[in-house]
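Keeping their order, the protein sequence lines are chains P and Y.
Using the numbering used here, read the first sequence as starting at 13 and increasing by one per residue.
Using the numbering used here, read the second sequence as starting at 3 and increasing by one per residue.
Treat the hints with care, as some may be off.
Stretches of chain P that chain Y covers, calculated by requiring three or more beta carbons in the stretch to come under 8 Å of a beta carbon on chain Y [stated by the list, open to error]:
| id | region |
| --- | --- |
| 1 | 152-158 |
| 2 | 220-231 |
| 3 | 255-266 |
It is worth saying that the hints were derived from the structure and are not from the lab.
From the three backbone atoms N, C-alpha and C, an ideal C-beta is built for every residue, glycine too.
In case you want the letters, here they are:
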Amino acid sequence: MVQHKKLYLLLLPCVVFLTVFFLVPLLVLVSGSIYEPGKGFVGQGYYNFFAQKLSRDAYFRSLSMGGLVTLISMVFSYPAAMAIVRIRSKSLKSFVMTLVVLPLMTNPVARTFAWLVVLGRNGLINNTLLSLGLIKRPERLLYTNGAVFVGLLQLFMPFMILSLISALENVSDDYSMAARSLGASGLKSFWYVQLPLTIEGLVIGGTLVFTGAITAYVTPAILGGSRILMLSTLLYQRASVTLDWGMATTIAMIMFLTTLGLNYALKSLGKVGRSRSRT
Amino acid sequence: MKKNWWLSIVLIIVMLFLIGPFLIIFISAFGNEASLRFPPRGFTLDWFKKVLTMPMFLDSLKLSLRLGIFSSLIAMLLGLPVAYVTSRYDFRGKRFIELSTTLPVIIPQMVAGLALLRTFVMLNLFSIEMTLLIGHTAIVLPYVVRNVISTLVNFPPSIEEAAVSLGASRVRSFFIVVLPNITTGLISAFILTFITSFNNVPISLFLTGPGVSTLPIVMMTYMEYYFNPSIAALATILIAMTVGIVAISQKLLGVSRMM
Chain P
13 MVQHKKLYLL
23 LLPCVVFLTV
33 FFLVPLLVLV
43 SGSIYEPGKG
53 FVGQGYYNFF
63 AQKLSRDAYF
73 RSLSMGGLVT
83 LISMVFSYPA
93 AMAIVRIRSK
103 SLKSFVMTLV
113 VLPLMTNPVA
123 RTFAWLVVLG
133 RNGLINNTLL
143 SLGLIKRPER
153 LLYTNGAVFV
163 GLLQLFMPFM
173 ILSLISALEN
183 VSDDYSMAAR
193 SLGASGLKSF
203 WYVQLPLTIE
213 GLVIGGTLVF
223 TGAITAYVTP
233 AILGGSRILM
243 LSTLLYQRAS
253 VTLDWGMATT
263 IAMIMFLTTL
273 GLNYALKSLG
283 KVGRSRSRT
Chain Y
3 MKKNWWLSIV
13 LIIVMLFLIG
23 PFLIIFISAF
33 GNEASLRFPP
43 RGFTLDWFKK
53 VLTMPMFLDS
63 LKLSLRLGIF
73 SSLIAMLLGL
83 PVAYVTSRYD
93 FRGKRFIELS
103 TTLPVIIPQM
113 VAGLALLRTF
123 VMLNLFSIEM
133 TLLIGHTAIV
143 LPYVVRNVIS
153 TLVNFPPSIE
163 EAAVSLGASR
173 VRSFFIVVLP
183 NITTGLISAF
193 ILTFITSFNN
203 VPISLFLTGP
213 GVSTLPIVMM
223 TYMEYYFNPS
233 IAALATILIA
243 MTVGIVAISQ
253 KLLGVSRMM
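Kindly produce the complete structure, drawing on both the sequences and the hints.
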């Protein structure tokens, strides 16, 4: 028993730190979002959020943007991950893997900045189109939905590729080969054999990309500005520019609840997928 | 087996999409025009000189380095005992410990940033730098715990038991037997936490104050007002730093450890 008391002593500093500096501030936030004295009825903040067009739009834009980024990153990452898994040369494979990991380690501001150079008035795309004579004056590409989409896709695709690589490496080529030798077409063996076996990788990657995309701040702030408001940029605007604490708190809670919901939904989707692969 | 050439084509497109922007930053950092354009018309090194002498960037760089190093060290001191105890023992409340140490990665950082702002900046308990340090430490703690646990799981407890049965105390056997064997794990955890803190925006965004700001935040603010290659030069320096860190850690630990 003495032994065990000493164990708790080892845990104490970390628990105290997280409680005082993380849990308590969060609880303050949660309680503030439900009821603030003198600010109308319980849950008024949530009502106001969905009653206003600006914030409602930001919410649904974040959701649809997150969904689209997830879907497109799946479509491109799956073949890319398959190609990486099939690379025979060990050194080439580790080089390609490094190139995939590198963006994750790089400052997001620096990474997003590149898109300003590509999409700006005097940027790569406008200059190319002008010199080809396809357009007469520079088009506005920045501060559009497309700009935010491209930035988010580049930011989060590595997560999808890496989860798919680890899923694909656990699936032996023999399964697909067996399906093929039994007469299934390439597409059929992919759809009925390989895809169900790698559904977990898709779910993990999808969760990381989706939640990442709807909570990211840097990309929508730089590439979307105040024209393309997302949940995160609206949250910061309310907290720092208009100093509307109640609204900022509500947005934060909605963001948190949405990511929790997504985590749960995608997890159960993965379970359904796996049980179907067994039948 | 049939060669799937179209898989390779998709891979090349994806890699161009992921890495291409880095080349664009690199090229535009040497452009000689006051307003950024691509492709640039002339060549100059002035932006690097300018960036490396601007006090605004230098001060925030120093702050970011300090935060990265100290938040990683504090998180290590707090997280190592937790990782050790949870990987070696079963005890009442273990689930709670596991949950609370993963909480900072589950909660969106923007949410955590706002929570910390509302509680600590409003109460005015600590200096701005201290609040930043607290926020960064909380954010990197989960990475320490997770990485160190996965290292400890691969180090058989029997070796430690041997030391104890030969007469070493628990504490002594930890420092003499366990610690030297998990140094690579600790280094990889440190690299990961340093980078996480150094690149952080959402927490710093809420906690920075007048005159005290981290490098990524200063870069974002600067970009709102100026559209010239100095940010490209700064970004080039940061990317070079990242490439260096990734290369060194790969030599030391291998790619798989970096995730």
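Verification of the hints:
no. : hint    : in the structure
1   : 152-158 : violated (count 0)
2   : 220-231 : holds (count 4)
3   : 255-266 : holds (count 5)
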